[in-house]
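Enquirer: Take 19 as the starting number for the sequence shown in my numbering and just add one per residue.
To be clear, the hints were calculated from the coordinates, so they are not data collected in a lab. As the structure is a computational prediction, the values presented were derived from the model and not from experiment. Incorrect hints may appear among the rest.
Claimed, not checked - Here are the simulated distance ranges between beta carbons:
#1 103 with 59: 14 to 24 Å
#2 99 with 73: 14 to 24 Å
#3 82 with 30: 17 to 27 Å
What the hints assert, rightly or not - Calculated lysine to any residue pairs in the SDA-like style (CA-CA distance at most 20 Å, straight line):
#4 67 with 30
#5 67 with 40
#6 67 with 97
#7 67 with 36
#8 67 with 84
#9 67 with 94
#10 67 with 48
In this text, a Cβ means the ideal position worked out from N, Cα and C, and glycines have one as well.
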Amino acid sequence: MLGIAGVVTRIREQIGDRPLYVSIDIDVLDPAFAPGTGTPENGGFSSRKLAGILRGLAGLDLVGVDVVEVAPAYDHAEVTSIAAANMAYELLALMASRRAIDAE
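Start from the sequences and build out the full structure, keeping to the hints where you can.
Expert: In C-alpha cells:
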C-alpha cells in the first residue's frame, strides 16, 4: 500500500508544474463514508484518507474542481452530502491558498 504520502508523491511526479483539474467521483469513498451514490464501491478510501491526499496537493496549480455522483436519495442520513461538502471545502481551500501565494 502506498499510503497518503505515496499517493501524493505519485500525483506530484505526474503533474509537475502543469495546471491541475481535480474531479472527485464520490464513489471513490468506501460506502461506509459515502453510501449515497449510484455505484457504491467496497474498499474505497476513507474520508480522512481522501482529505489527506487533497491537502497534499497544496501549492499545485489547481485550476478547476468538481465533486460528482452524490445521490442524496440513497442516503437517509446525509453522510454522503456531508463528505462531498467537506471535499469541496478542501478543494476550494487549496485553490484559495494558491491564489493568495500568487498574489504576494
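Enquirer: Sort out whether residue 97 lies within 20 Å of residue 67, counting only the CA atoms.
Expert: Since the Cα atoms of residue 67 and residue 97 sit roughly 16 Å apart, the hinted pair holds (cutoff 20 Å).
Enquirer: Is 17 to 27 Å right for how far apart the beta carbons of residue 82 and residue 30 are?
Expert: With Cβ atoms ~18 Å apart, the hint holds.
Enquirer: Evaluate the given range 14 to 24 Å for the C-beta pair formed by residue 99 and residue 73.
Expert: Once the Cβ atoms are compared, 21 Å apart, the range 14 to 24 Å for residue 73 and residue 99 holds.
Enquirer: So if I understand the rule, the pair passes when the alpha-carbon distance is 20 Å or less; does residue 67 with residue 94 pass?
Expert: violated (24 Å)
Enquirer: Given the hint that residue 67 pairs with residue 36, does the C-alpha gap stay at or below 20 Å?
Expert: This hinted pair is violated, its Cα atoms lying about 24 Å apart.
Enquirer: Would the pair residue 67 and residue 84 pass a check requiring their Cα atoms to be no farther apart than 20 Å?
Expert: holds (18 Å)
Enquirer: Taking 14 to 24 Å as the hint, is the beta-carbon distance of residue 103 and residue 59 inside that range?
Expert: Once the Cβ atoms are compared, 20 Å apart, the range 14 to 24 Å for residue 59 and residue 103 holds.
Enquirer: For the pair we were handed, residue 67 and residue 30, check the Cα-Cα distance against 20 Å.
Expert: Holds, at roughly 17 Å.
Enquirer: With the threshold set at 20 Å, check whether the alpha-carbon distance from residue 67 to residue 48 stays at or below it.
Expert: OK: residue 67 and residue 48 at ~11 Å, within 20 Å.
Enquirer: Do the alpha carbons of residue 67 and residue 40 lie within 20 Å of each other, as the hint requires?
Expert: With Cα atoms ~16 Å apart, residue 67 and residue 40 stay inside 20 Å; holds.
When each numbered hint is compared with the structure, violations occur for hints 7 and 9.
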